[in-house]
Amino acid sequence: MAHDREVGGIRCLEVLELLQAYVDGDAQDHEISRINMHLVGCDWCAKFGGKYSALVQTIQNTLRTEGESPLDPSVLAALAIIRGG
Amino acid sequence: MAMRITDQKLLQEINQGSEAAFSALAGRYVPLLRSYLSRTLPALHVDDVLQETLVAVFRGAGGFEGEDSAKAWILGIARRCSARAMRRRVGEPAHTSPLPELGMAAGWGNPEDQASWKERLLFVDKALNSMSAPAAEVIILRDVEGLSAPEAAALLEISVDALKSRLHRARLELMEKLHKEDI
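In the order they appear, the protein sequences are chains Y and W. Residue 85 is where the first sequence ends in the numbering used here, and the numbering goes up by one at each step. Residue 1183 is where the second sequence ends in the numbering used here, and the numbering goes up by one at each step.
Every clue listed holds true.
In silico contact screen, one side only, chain Y against chain W (beta carbon under 10 Å); selected entries: (1) Asp4; (2) Leu16; (3) Gly50; (4) Lys51; (5) Ala54; (6) Leu55; (7) Leu79.
Because the hints were derived from the structure by calculation, they are not lab data. If you're wondering where the values come from, they're calculated on a predicted model, not measured in any experiment. Beta carbons are placed, not taken as given, at the ideal position from N, Cα and C, and that holds for glycine.
From just these sequences and the hints, can you work out the full model?
Structure representation (structure tokens):
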């Protein structure tokens, strides 16, 4: 059974549902206030939310593709097809 | 200092048949395309689909709408080429497991598991590569490549709300893999 308690006027399950919007900055102001109050009083959700947020930041900071690759063989192969019509 | 030619300008020149512009644009996007395709296709298909995508970019350059994001447009072509190669439908259904179930599998409600999370995050690349293609794809488009929610939703041919729901579920699935060290 999922843990689900009401803290700060919002239940854990609702916080879980809103977590993506909260972390991505898509949540409404009233949702942010309620979630903030919940996180102050709910250790479980605070810790899980921290892990979720850390995961998103890690992906964004470490996996983004950078740089150019002018000599990739796929470009030459594609050009050969294009020239061949 | 030399001005960098915009993607839009390069696409215009490609539409006129410029191979130089094509090489320049391909050079910019091949690393991204290879990364995207490597995470969503079996390794066997990556080179072929990458090549097919580049050819389609050249031949379809005239169809690019200047106000759109070139990155999203090119990824959209890659996605369609990829779907054709795998004979899978574009816009696969989202997972339908209840959110609490996904959350619990990801460690929700388990306050004991904290100390090793930073160490587990070191394996995020490997965990992402072990995910199903539809789940990995939404994370790649939004979190790795930084497409906006509307751009990613348009590319996946789903609504923005569905995109956000799919992204949330995919992140929870990724957390589950890291949580269980199932990678």
